[in-house]
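Since chain A is already given, all that's left is putting chain B on it; use the hints.
From first to last, the protein sequence lines stand for chains A and B.
Just so we're aligned, residue 1 is where the first sequence starts under the numbering used here, counting upward by one.
Just so we're aligned, residue 1001 is where the second sequence starts under the numbering used here, counting upward by one.
Since the hints were made in silico from the structure, they are not lab data.
Note that the coordinates shown come from a computational prediction; the quantities given were computed from them, not determined experimentally.
Worth double-checking, as some hints may not be accurate.
Said to hold, decoys possible - One-sided and incomplete, this derived list gives chain A residues near chain B with beta-carbon spacing under 8 Å:
| id | residue |
| --- | --- |
| 1 | D132 |
| 2 | V217 |
| 3 | A218 |
Said to hold, decoys possible - Listed next, the stretches of chain B that the computed footprint assigns to chain A, with coverage defined by at least 3 CB atoms under 8 Å from CB atoms of chain A:
| id | region |
| --- | --- |
| 4 | 1247–1255 |
| 5 | 1293–1305 |
To be verified - So, partial list: chain B residues that the calculated Cβ filter (under 10 Å) puts toward chain A:
| id | residue |
| --- | --- |
| 6 | Q1095 |
| 7 | N1268 |
| 8 | V1412 |
| 9 | Y1416 |
The C-beta atom is built at its ideal place from N, Cα and C for all residues, glycine as well.
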Amino acid sequence: MPSTTDLEQFLITGLSLGGVYALSGVGMVVLYRATGVLNLSFGAVGAMGALIAWQLINHSGFGFWPAALVSVLFGGAITLAYGMVFGPALAHRDPLVKATATLGLTLILLGVMDLLWPSSGGASRSLTIPTDNNTFQVGQISVTYTNVIALALGLVITVATAAFLRFTKLGTAMRAIANDRDISAALGVPVRRVTAAAWFGCGVLAGIAGVLLADLVALDATSLTFLVIFTLAATLIARLRSIVITFVAALVIGVVDAELTPVQSLSNYRDMTPFVLAAIALLVLNRRRVITVGRQGV
Amino acid sequence: MRGMHHHALRVRLGVALAVVIGAVLLAACGSSNSSTSAPPGSSGGSASSSTSTASGSSGSSSSSGGSTDTSSCGPKAGQAATGTPINIGTIDTKQPGTDFSDGPNMINAYFACVNANGGVNGHPLKLFVQYDQTQPAQIAAAAKQLIQTDHVVGIVGVFDLLECTIDQSYWDQLGIYEMGAGIAPECWSTPHSAAVNMGPRYSSDGAVQYGLSQHVSKIVFVQSNVPGTGYIAAGPKALADAMHVPITELTANVPINDANSLALNLVNNAGSNGWVVLNFTPPEALVILQAAQKLGLEDRVKGWGCSTPCNTDFLAKALGPKWNHKLFVNAELTDADDHNGPEMQLYKAILAKYGSAVAGGIGSFSQMGFLLAKFSVGALDTIKGPYTIQSVNTAFKNIKNQQTEMLCQPWVYGPYPLHIPNNSDFTTTPDNGKMVTAQGCTPISNADPQIAAYRKAAGEAPSTNPPTG
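One chain only, chain A, in its complex shape (with noise of 0.2 Å):
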């Protein structure tokens, strides 16, 4: 078993980690609650947003914060694309269509991804934050300030997105939305601006997690767009609604997967816990709520 001097590290490293699928299931919960969308595109755009970023610092002389500005822009305009061409048209579609739809985003971006930026030759690219290079020690590791960024940002954007919701019209008419989005439109509610607003959003999250994921998991096309599934557990578990439970649920899922590193046994099973705890969580949540009804019901 690990000593508890092994386990302090390992939550350090599984909280930043945490950090940024908290940012990015934040991303997916509003885009979810405005749209009813579950975009399963988010880790792809963010993915292809970093291989840009890549592009311009090495082979066109920009700096790493105005080609991160790109990525971000990036991520905010093919979400918001795809959300303008194809968001109207599934409007009224069952949410697993929704959901499938983005899948077909995704693939696009995988194969342009692999055609401009391919693996052959033993090609391995790299983007590190500026922010690397700052450190500070704890225990007997270094932890750089992108990983207490990381952190940070997952809780100020959970807490200012709640805040936004809450407190500004056009926060209140994404809530609107998402509880009738034909009453909201009969109200007067601007749908459309308000879903675009919600499709940004969610494309600047993907672009600020995409960056912050290549410098803190790999540049690489294929593993930043299947971590959107670490994502996806975290807004299972909050059940599509709740950011705050959201954020908690991506931290738990970032410090219990990093925490089971030095268990041999389980190491490699490691993977599993998004999954795993998404389904405990939905089990209680369930098992609740059946208890709930059949107190009512008495």
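Only chain B this time, still in chain A's reference frame:
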């Protein structure tokens, strides 16, 4: 009004989408001579088949050496071969994340050079390439198509994850002796396959052997969690056991989602006088090493090792100077930067003149393609009479004592029950963005029972230490 409004909105969105797509293309095409640009001649898709024109598709390449005369690749300088073509086949992995197309593209380049300079006894060479996406049925079908439809008489290439496993019995039935650069154990452990590369097991042996020579107190060997890890890990374990050094063997799921935790676990396992050896593709190895660097772990063990995929300047450049002489990589081929004898110059010249489709340029994949093409052409030259499966494969099987600057030993095929002709290797280390030689040719230890069995069957070839300069 509403319709016009929607129309205007759609036009605006269309323009926005076009701008986004344009920006992406602009970003991606910012550097046309990038070593990671798409191979112009490559074909994708499932089980795609392509044939080489092999007629001198000359193009430019960023690789140096273009001024060297390429005519020595064939018997008649400047005279195109006009006879009936000799059909050669290859099956190679090409899928997102694992693209080995540089290998067959380099064979094509060499064949193009030969065809432009007299061919093989007047015959041009035609390469039939089958790409697969690691689906066994697809690979088996590709083999049958090459033989039955394309009428190939030899298999040269096989830069593939599974091919040796899937097609061995078929080659055995037909009497085909394939020459390749594969990954699967059967590429080395069977009578009908011989490889120019060492493969993951023996290359990992080499990396572990270097670590053991540094008097470490523990080895931690980690590799990707894919089929065949037991076979690979058996080599390093045998070497460590022979030296009475404890070894911990780990696997990690790929793609790696949490490299920080993995790096931390490796270092904690190894201890301060331990040695961590990685057996991963370059992108995965890079992720682990960079994570170790960010967490300040690179000096918490005595040293780091890696099997041959890490031997790329891509990796050295991406890692930076902190890893100079800290990471030691097993190298199964001569470093093209350190060596510049006549053969290396010819390789670079062919790459420059005919290898526009080789996306990675100078590197181990194109070097292996060059060697396979060279050895096969040498064998084909010896055939007097018709080029049939029987005559061609007898010639391949009889290849022996092939001197080359790119390997530590002469290469041999031979009638052996197993083939590990590349069993002596270099060690390289990053040095300010380049991989440089840290240790010259060193035979892999006989402590690995497979190596011992091969040497017993084939004898021990002397290390030749290729010339530098």
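Tested hints:
no.: 1; hint: D132; in the structure: holds, 6 Å
no.: 2; hint: V217; in the structure: holds, 6 Å
no.: 3; hint: A218; in the structure: holds, 4 Å
no.: 4; hint: 1247–1255; in the structure: holds (count 5)
no.: 5; hint: 1293–1305; in the structure: holds (count 5)
no.: 6; hint: Q1095; in the structure: holds, 9 Å
no.: 7; hint: N1268; in the structure: holds, 6 Å
no.: 8; hint: V1412; in the structure: violated, 27 Å
no.: 9; hint: Y1416; in the structure: violated, 30 Å
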